[in-house]
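Heads up: the sequence lines are chains P and V, in that order.
The first sequence begins at 240 in the numbering used here and counts up one residue at a time.
The second sequence begins at 240 in the numbering used here and counts up one residue at a time.
Read the hints as simulated data drawn from the structure, not as lab findings.
Keep in mind it's a predicted model, so treat the numbers as computed, not measured.
Where is the CB? At the ideal position from N, CA and C, for every residue including glycine.
Watch out, some of these pointers could steer you wrong.
For each label pair, taking beta carbons as the anchor points, the in silico distance ranges come out as [to be verified]:
#1 292/V - 568/P: 24 to 32 Å
#2 492/V - 398/P: 28 to 36 Å
#3 627/P - 291/V: 25 to 33 Å
#4 531/P - 492/V: 45 to 53 Å
With a Cα cut of at most 20 Å, we get these calculated DMTMM-like pairs of lysine to aspartate or glutamate [as the list claims (entries may be wrong)]:
#5 340/V - 357/P
#6 650/V - 438/V
#7 289/P - 300/V
#8 375/P - 269/V
#9 720/V - 667/V
#10 578/V - 383/P
#11 650/V - 441/V
2 protein chains.
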Amino acid sequence: MAKELKELTKRSDNYSQWYNDLVVKADLAEASAVRGCMVIKPYGYAIWEKIQRQLDDMFKETGHVNAYFPLLIPKSFLSREAEHVEGFAKECAVVTHYRLKNAADGSGVVVDPAARLEEEFVIRPTSETIIWNTYKNWIQSYRDLPILCNQWANVFRWEMRTRLFLRTAEFLWQEGHTAHATREEAEEEAKKMLNVYADFAENFMAVPVVKGVKSANERFAGALDTYTIEAMMQDGKALQSGTSHFLGQNFAKAFDVQFVNKNNEMEYVWATSWGVSTRLMGALIMTHSDDNGLVLPPKLAPFQVVIIPIYKNEEQLNAINDKVAGITAKLKALGISVKYDNADNKRPGFKFADYELRGVPVRLVMGARDLENNTVEVMRRDTLSKETVTCDNIETYVKDLLDAIQANIFKKAYDFREAHTITVDTYEEFKEKIEEGGFILAHWDGTTETEELIKEETKATIRCIPLDGDKTPGKCMVTGKPSACRVVFARSY
Amino acid sequence: MAKELKELTKRSDNYSQWYNDLVVKADLAEASAVRGCMVIKPYGYAIWEKIQRQLDDMFKETGHVNAYFPLLIPKSFLSREAEHVEGFAKECAVVTHYRLKNAADGSGVVVDPAARLEEEFVIRPTSETIIWNTYKNWIQSYRDLPILCNQWANVFRWEMRTRLFLRTAEFLWQEGHTAHATREEAEEEAKKMLNVYADFAENFMAVPVVKGVKSANERFAGALDTYTIEAMMQDGKALQSGTSHFLGQNFAKAFDVQFVNKNNEMEYVWATSWGVSTRLMGALIMTHSDDNGLVLPPKLAPFQVVIIPIYKNEEQLNAINDKVAGITAKLKALGISVKYDNADNKRPGFKFADYELRGVPVRLVMGARDLENNTVEVMRRDTLSKETVTCDNIETYVKDLLDAIQANIFKKAYDFREAHTITVDTYEEFKEKIEEGGFILAHWDGTTETEELIKEETKATIRCIPLDGDKTPGKCMVTGKPSACRVVFARSY
Chain P
240 MAKELKELTK RSDNYSQWYN DLVVKADLAE ASAVRGCMVI KPYGYAIWEK
290 IQRQLDDMFK ETGHVNAYFP LLIPKSFLSR EAEHVEGFAK ECAVVTHYRL
340 KNAADGSGVV VDPAARLEEE FVIRPTSETI IWNTYKNWIQ SYRDLPILCN
390 QWANVFRWEM RTRLFLRTAE FLWQEGHTAH ATREEAEEEA KKMLNVYADF
440 AENFMAVPVV KGVKSANERF AGALDTYTIE AMMQDGKALQ SGTSHFLGQN
490 FAKAFDVQFV NKNNEMEYVW ATSWGVSTRL MGALIMTHSD DNGLVLPPKL
540 APFQVVIIPI YKNEEQLNAI NDKVAGITAK LKALGISVKY DNADNKRPGF
590 KFADYELRGV PVRLVMGARD LENNTVEVMR RDTLSKETVT CDNIETYVKD
640 LLDAIQANIF KKAYDFREAH TITVDTYEEF KEKIEEGGFI LAHWDGTTET
690 EELIKEETKA TIRCIPLDGD KTPGKCMVTG KPSACRVVFA RSY
Chain V
240 MAKELKELTK RSDNYSQWYN DLVVKADLAE ASAVRGCMVI KPYGYAIWEK
290 IQRQLDDMFK ETGHVNAYFP LLIPKSFLSR EAEHVEGFAK ECAVVTHYRL
340 KNAADGSGVV VDPAARLEEE FVIRPTSETI IWNTYKNWIQ SYRDLPILCN
390 QWANVFRWEM RTRLFLRTAE FLWQEGHTAH ATREEAEEEA KKMLNVYADF
440 AENFMAVPVV KGVKSANERF AGALDTYTIE AMMQDGKALQ SGTSHFLGQN
490 FAKAFDVQFV NKNNEMEYVW ATSWGVSTRL MGALIMTHSD DNGLVLPPKL
540 APFQVVIIPI YKNEEQLNAI NDKVAGITAK LKALGISVKY DNADNKRPGF
590 KFADYELRGV PVRLVMGARD LENNTVEVMR RDTLSKETVT CDNIETYVKD
640 LLDAIQANIF KKAYDFREAH TITVDTYEEF KEKIEEGGFI LAHWDGTTET
690 EELIKEETKA TIRCIPLDGD KTPGKCMVTG KPSACRVVFA RSY
């Protein structure tokens, strides 16, 4: 694919433009002919596959299984849960016909009016309704519980303002939908999956997150509690990166899903749902990348090491090829993924810039001198620092370096977040400080009115009420009313 | 999930009903609230995941990468390729609106007439059009070629007569879409992927297939050549199990995708597409299963071995648990997947029947006597034969047994197909023999007229012109005109 390695916009010049440039230039994704929908390009999709594989393993380790439910949802299903329909009806893609026919004037195809559906369908914006309609047939007794299903799927929400990965009309995600015999078990499940998400974000994406619970105003439509992980981007804005919902008995009641409990009484089933989406790609990109391009955590990079030869003639190339074959074999034996790029239609300088743009964690360069000395030049993408090292035990050197990079970019992001998280006690100071970006820990009286006033005046929202950390009560910075603990405010994506 | 282990319909009584019963009772899939769409249940989805994983590895080994393209296709895109629109327009789900609103009478939600789309979208029935519209921007020069992309996705074709896995309105599949600089390279790619499908079918699904090319009449809408793998089900009907299309320059012309070739001339790009779907699940089920339920090839079984304890008291159970832990560890060390079912709420007889129904390849049963004797009872699902063997080296015994089962069910299916494949020279004999099911090798004059006459009079279609095998010319059994070689006729799914 032809691509010019034009300069990226600098983050300090225009962060938003830098992000858009980077997503396109690093071949991650691009806009499609369908408004608001993206094409995820092979390099971007390869990262998403790594994310999927790892999360899927973690879901299975915690006892979950995958299943698949229909793309289309009967319109009437949405209305069964009052808050749910309120939350999603305004952005639904609606299927009204099941056939096209040739236009009378031969100009192509038109919708066949004779093929109108009796009841319209919406393309799933999320699947609680179709799934709970299905669970009704699966659950009779407490012996049928729990049900711990997950689905990898595409969903559709007709958003008007879209951005690649961050907010698209169609996106890819996983949605877990579990059914339980008791309230306690469902609440525990919702928290357990929040912890799985936080573990994944921190230990694989190298993205530090704040775990918390949403205010009533920011809850998922139909949930009693929404747990969230919130990450901080380099512009100081928050990105909600994953949510886990305790749904109570709302969907069981909407679809009449009852079971016989251990005391032989009929009871409505308790539910959770939880999801992360291709939005994680946005978090990954914005947390670590720099003005040269992507910086990928080694654990999620499509390939962790790229090797580039520098040679003047074919004889040198052949000798380097041989040497590199040995190095590659040793790296692969340690489970390290390697790409050797000896294509002769691009110059080394072009390759250097290209793999920096694509965020390959480690670059090895071998030239004639290296060959003589049994050395190789190693560059780490996170710091761009270079070192010439011996080829003896290069595999353990690289393995340690990959671990060091994974740890370093997490620490860098963590330090950044800590440096941009402040405590504020007055609304005056809040209004001033929020302009600088970052998270602000402040007291709030717990009311939606105050929350909305703050949002209107400052564009900041409550990202979450943190689960961990300081629980000292205080007074709301706006109204002076009692506050149970500080909450996290930020502007957000 | 509550489930009664009712008797399956016998194959000899009603093959079609046996299939439907089996799919539901073995917890593979079920009908959903959306007409023609299925729910793929966890056990069925676990098999699909094995299929996906293996195919995906094979695609990657042959140089392909995954990507993702939009679910929705602008209506006008379909019309760009004349045969393509003719083939798909009649079964398209059409999206006409992007919003619902509250009904005036408070009875739920209705389509918001103010939110009508300027141009309607169809849910992809296949993605050639949206992908070639995208490739237009990716291809300028021969240096940008080949493009070897695959997509795992859901597609929608509004079929009126549906059957679980075999023909559903929504189904899951993969669709490869490749772009090449020369006709030869594209033709080679189409054949290569046919071979990948055949390899997968025979060596993983244990389903023998005939590789061939479709007659003009049975080609994919928009293809110059459609290659196919055809399998024979136990009722003698053919099941088309995968297709690979050489698309020529049709889609490149429809979307104006030209490139500068090595001679510095503008040329249209050459294309292929290829796909297999959840229909493979139908082939898997119908090829091997019996009146007791599923028979799964070990290579695709969600778990290959189930271990069931038989005990009279907790002391015995504890001792068996310990012994089984050792066996399980040894099996897992050889890469064998194991489930130990010591749940005490179901009796052994129920478990036996249940795991037979689910087609688990090998069952181990351990009782008090076995414990004393250091033995275990081994049953293989394909033949239902039992043997009591020593626990010493049980892991290699089981490993060899799994290989033997994989080989045996392939051979059984292969022998069945050979026994039901005959050569016929007269149309009279053809009409008689086609009633018995199976494949008939007969001469045909190569015309669509003759093909359609045969179909109308016998319900048999040309499954393919085989790539391998006898190429002796002859005379058409119907018209007496010259025939290049025998072709495969059968009734089909």
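Quiz item: Does the hinted range 28 to 36 Å hold for residue 492/V and residue 398/P at CB?
Solution: 35 Å, holds
Practice problem: Note whether the CB distance of residue 531/P and residue 492/V lies within 45 to 53 Å or breaks it. | Solution: Roughly 40 Å apart at Cβ, these two residues miss the hinted range, so it is violated.
Quiz prompt | Agreement of residue 650/V and residue 438/V with the hint, judged by alpha carbon distance not exceeding 20 Å | solution = It holds: about 15 Å lies between the C-alpha atoms, which stays within 20 Å.
Self-check item: Restraint check for residue 375/P with residue 269/V, where alpha carbons must lie at most 20 Å apart
Solution: 13 Å, holds
Exercise. Below or equal to 20 Å on CA atoms is what counts here, so check residue 650/V against residue 441/V.
Key: Holds. Residue 650/V to residue 441/V sits at ~10 Å (cutoff 20 Å).
Self-check item: 20 Å limit on alpha-carbon distance, applied to hinted pair residue 578/V and residue 383/P
Solution: 19 Å, holds
Quiz item: Does the structure keep residue 720/V and residue 667/V at a Cα separation of 20 Å or less?
Solution: 16 Å, holds
Quiz item: CB of residue 292/V to CB of residue 568/P, is that within 24 to 32 Å?
Solution: 25 Å, holds
Quiz prompt | Agreement of residue 289/P and residue 300/V with the hint, judged by alpha carbon distance not exceeding 20 Å | solution = With a Cα-Cα distance of about 17 Å, the restraint between residue 289/P and residue 300/V holds, given a limit of 20 Å.
Self-check item: Agreement of residue 340/V and residue 357/P with the hint, judged by alpha carbon distance not exceeding 20 Å
Solution: 18 Å, holds
Quiz item: Does the Cβ distance between residue 627/P and residue 291/V fall inside 25 to 33 Å?
Solution: Distance hint for residue 627/P, residue 291/V is violated at roughly 44 Å.
Checked against the numbered hints above, the structure breaks hints 3 and 4 and satisfies the rest.
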